[in-house]
Structures are given as structure tokens and as C-alpha cells.
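K.L.:
Between the sequences and the hints, there should be enough to build the whole structure, so can you do that?
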Amino acid sequence: MASAVSFRGAVALTGQFPALAGIDLDVAAGEVVVLQGANGAGKTSVLRACAGLLPVTDGRAEVLGVDLRRHAPRVRRLVGLLGHAPALYDDLTVAENVRFAVKAAGAAADRVDDVLERVGLGGRLRRSSAGRLSAGQRRRVALAVLVARAPRLWLLDEPHAALDAEGRSLLVALLDDAVRDGTTVVLASHEIAEAAPLADRVVTLAGGRVVDSARGERRRVLPGGAHVA
Amino acid sequence: MWRDALLVAGKDLRIELRSRVVLNQVAPFAVLVLVLFAFALGPQRGPMVQAAPGLFWVAVLFAAVLAVQRSTAVESTEGTRDGLRAAGLDPAGVFLGKTGAVALELVVLEAFLTGGVLLFYGVTVHSAGLLVVASLVGTAGLAAVGTLYGALSSGLRVRETLLPLLLLPVAAPVLLAGTRVWQAAFATHATAGDPWLRLLLVFAAVYLALGVVIFGPLQEAS
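Just so you know, the sequences run in chain order A and B.
Residue 1 is where the first sequence starts when you use the numbering used here, and the numbers rise one by one after that.
Residue 1 is where the second sequence starts when you use the numbering used here, and the numbers rise one by one after that.
By construction, these hints were calculated from the structure, which means they are not laboratory data.
Positions of the beta carbon are idealized from the N, C-alpha and C atoms, including for glycine.
Check each hint, because a few of them may be wrong.
Pairwise CB distance ranges (calculated) [to be verified]:
#1 B:R18 <-> A:D113: 19 to 25 angstroms
#2 B:T77 <-> A:G207: 38 to 44 angstroms
#3 A:E117 <-> B:L17: 23 to 29 angstroms
#4 A:G120 <-> B:L168: 44 to 50 angstroms
#5 B:F112 <-> A:A85: 32 to 38 angstroms
#6 B:L32 <-> A:G122: 27 to 33 angstroms
#7 B:F29 <-> A:D212: 56 to 62 angstroms
#8 A:G120 <-> B:L36: 50 to 56 angstroms
#9 A:H71 <-> B:T77: 54 to 60 angstroms
#10 A:G122 <-> B:F112: 48 to 54 angstroms
#11 B:L168 <-> A:G207: 52 to 58 angstroms
#12 B:L17 <-> A:Q16: 40 to 46 angstroms
#13 A:D176 <-> B:L17: 37 to 43 angstroms
#14 B:G115 <-> A:G65: 56 to 62 angstroms
Stretch-level coverage of chain A by chain B, calculated; a stretch enters the list once three of its residues show a Cβ under 8 angstroms from a Cβ in chain B [to be verified]:
#15 78 to 87
#16 96 to 106
A short, non-exhaustive set of chain B residues, derived as facing chain A with CB atoms under 10 angstroms [stated by the list, open to error]:
#17 K11
#18 I15
#19 R18
#20 P43
#21 G79
#22 D82
#23 G88
#24 P91
P.N.:
Pasting the structure below:
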């Protein structure tokens, strides 16, 4: 199977500190990989490197077949990152924020209203200023951007954070839909009990390197409706 | 690049329309500068007419610092700072978009200020065309250099105080040349403003070109 992410001895620095210390990581196309590890293990750094935001200074790093070290800006339009803090402008409405983010990524904004309905931000909420939203609602806006952009690789950093039970169910449903469409997902989480059932593989990081890789608990739905582990 | 520039400019102008920071805070501040100087110069018309061009450009310069600070602050939260980069927008487009939005805000402000200068200082304009061209070119230069230095200081904790320190000395040629062109436009010998207008043009062209080239690396470094 083709690799969506392929790191070989990849090094990335934040200041003088090696956030990625020669990491080897492969994520197959269509796979859901959960990254776990202690604070500072390198989970967020892997996601930011994959998104082209943290420069890889040594080793080999390819995302969706594009060399990250040479063409990071090109990678940015192919992937979608849900970071710690959603990129929202408080003075714009929910719909305007999503429309701007989708257009900025070079995608068509014609699905925005439908997607906002899907994430529970339809009706009056879509016309609310982003500055008035709760943390959970801001997270939903960021999810709406991802779904409306439909990038081939989703990079989710602690996606469960700030979401209520309904929001977490929504996240699982959106993720299932995306995976069914062939999207690759790399998800960093401390909440392994929530994340492991979503994963094809759980990768443990420490000191900016992969120290373990185990099979996840994800059950794939076959076309006939049967489940396979 | 141009598509991205229009997108970013539209976003920044929409934010200004909603927040009205420039309208409610920057514009009154600039008008206040004109009024206070009018009080300081006294009731005689002579000194006021002589000082009017310089005071107009001083007010514009201070207003430009505030407008650029606002434009930079919009992108200063953790999420939005990364957002523009993560979206894969062309950095040159982001620079031109933010410059265009600041320039448009300043042009509207300058229209009010010009009215204020004519009203408070009692000056007579002999060459309105020269006045308009100088204002537009000077504004383009100010917006470009401001956006560039705004990006330079954006990642720093002391950006609010650092920006005026960096920007005001660099923008001094606009103050000087703008003042001279306006003096020429108020006088009967408009051609005296030509060399200064050329300086404004060179300043704008240099900083627009510089911004297109180095805004990307600045964005990555911040």
C-alpha cells in the first residue's frame, strides 16, 4: 500500500531542542494512526512537521508523495491540521471563518452550509461571531473546516479536547466518513481510551522517536455491512 | 498570488467593518492630532497654513502605526498565526492583501483628514491632482513598510512598543516627501513637488517589492 507519510531519520528542531530526533514513521494511505506519548514526546511535532509547519532539517520526509524538505508549502494545501487552537477570527461569523479557511486552502466553498449543519453549527449559530462561541463550539468550527476542505490527510492534535459527549460522537462519525472516502488520519491524543478504538495502529513516541507500534482496535466496515478487526 | 491577496484583503476589511477599530479609535485619534496642533499654533492663519502639510502627514503616520498594529494583532493569536501558513496561502499574496487592506483604511482616513486640514487650517489647494496622487502613493508606501515591519515584530512579546520604534524612522522619507508635495500642491508652483513625488514612488515600489520577496521568510521565522 502507498505511504501517506514516510519519515526516515527525520530531524526537526524547535529552537535548539530536537523535537524530532531521527524519527522513522510510516503511515499507509487510508490508515488511521494514533500517536501517544508523554508530554514533550513529539506528538504535536510529528503533526506540525507533516503539515509543513515545522521544518524537517535532516533525514527524509515525504507526505502524500511530496518531499517535505523541498516543497513544504505545497504539502500545506494537501493536508488539514486541527491544532490546539483553532484558527478563528473573533470578529467574523462562523460561516465567514469557515468560508475563508476553505477558500484559503484553494478548495470550493459550496459545501460550507451543509457541513455547518452537519457539525451542529447551522441556523442562527452560523451567523454568530466566532468570539462568542464556547471552546467546544470553536472546535466544531475547526472540524467543519476540515470536512469542507476534504484534504487527503487529516492531522488531529488532541481532537477530543473541549468536546462534550455529543461532540465526541460527532468526531467519530466524521472520522468514519472520511476514512471510508480513503482519507488518511494521524491523530495525537492523551486520551487513549477514546482514541484507540478509532485506530488501525497505535504508535508510541518518546524523545522525538517511535518506541512502539501496536495494532489498534478499529473495526472496519466491509461493503456488505460486516465488521472486520 | 492575486487571488490570495484579494481573499486576505477582503477578510481584513470585513474584520474592520465588524470591529470598527480604525473608524472608532484610529480616525478620532488622527483628527485629535490635527485639532491639538491647531490649538498649539494659535489663531494666526500664516503658521497654520505653513504647518498644515507636515501636520497632515504626521497624523497619517501615527494613524498608520495604529492601523498596522491592528492588522498584525488580527493574526497574533496562536491559531490564526499558524492558520495562514497552514492553509498554504502564497506569502506574497498575504503581504499584498494585508497591505491593500491597511492602505484602503488609510485612504478613507486621509479623506477625512484632508477635510479637517481644509476646515481647521484654512488652506487653499491649487493642484488637487498632485495632492491626491501624493496621498495615494505615500499611503501605498506606508502600508507596505508597515505590513513588513508588522510581520517582523509579530512573533515578539514586545511588538506593540517595538513597532513604532522600528516603523517611524523608516517611514520618515514618506513624511518628508509627502509634506513637500503637499506644500507644492498648496502653492502655485506645483512642479516643485515632482522630485518629492518621485521619491514617494520609489519608496512605495521598493517596499512593495521587498515585501513580496521577504514576507514569506518573515512569516516562517515568526
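K.L.:
Now tell me if each hint is right for this structure.
P.N.:
Hint check results:
| no. | hint | result |
| --- | --- | --- |
| 1 | B:R18 <-> A:D113: 19 to 25 angstroms | 20 angstroms, holds |
| 2 | B:T77 <-> A:G207: 38 to 44 angstroms | 30 angstroms, violated |
| 3 | A:E117 <-> B:L17: 23 to 29 angstroms | 26 angstroms, holds |
| 4 | A:G120 <-> B:L168: 44 to 50 angstroms | 48 angstroms, holds |
| 5 | B:F112 <-> A:A85: 32 to 38 angstroms | 37 angstroms, holds |
| 6 | B:L32 <-> A:G122: 27 to 33 angstroms | 45 angstroms, violated |
| 7 | B:F29 <-> A:D212: 56 to 62 angstroms | 59 angstroms, holds |
| 8 | A:G120 <-> B:L36: 50 to 56 angstroms | 52 angstroms, holds |
| 9 | A:H71 <-> B:T77: 54 to 60 angstroms | 28 angstroms, violated |
| 10 | A:G122 <-> B:F112: 48 to 54 angstroms | 41 angstroms, violated |
| 11 | B:L168 <-> A:G207: 52 to 58 angstroms | 47 angstroms, violated |
| 12 | B:L17 <-> A:Q16: 40 to 46 angstroms | 44 angstroms, holds |
| 13 | A:D176 <-> B:L17: 37 to 43 angstroms | 40 angstroms, holds |
| 14 | B:G115 <-> A:G65: 56 to 62 angstroms | 59 angstroms, holds |
| 15 | 78 to 87 | holds (count 6) |
| 16 | 96 to 106 | holds (count 7) |
| 17 | K11 | 5 angstroms, holds |
| 18 | I15 | 5 angstroms, holds |
| 19 | R18 | 4 angstroms, holds |
| 20 | P43 | 43 angstroms, violated |
| 21 | G79 | 4 angstroms, holds |
| 22 | D82 | 6 angstroms, holds |
| 23 | G88 | 4 angstroms, holds |
| 24 | P91 | 8 angstroms, holds |
This entry does not satisfy hints 2, 6, 9, 10, 11, 20, going by the numbered hints stated previously.
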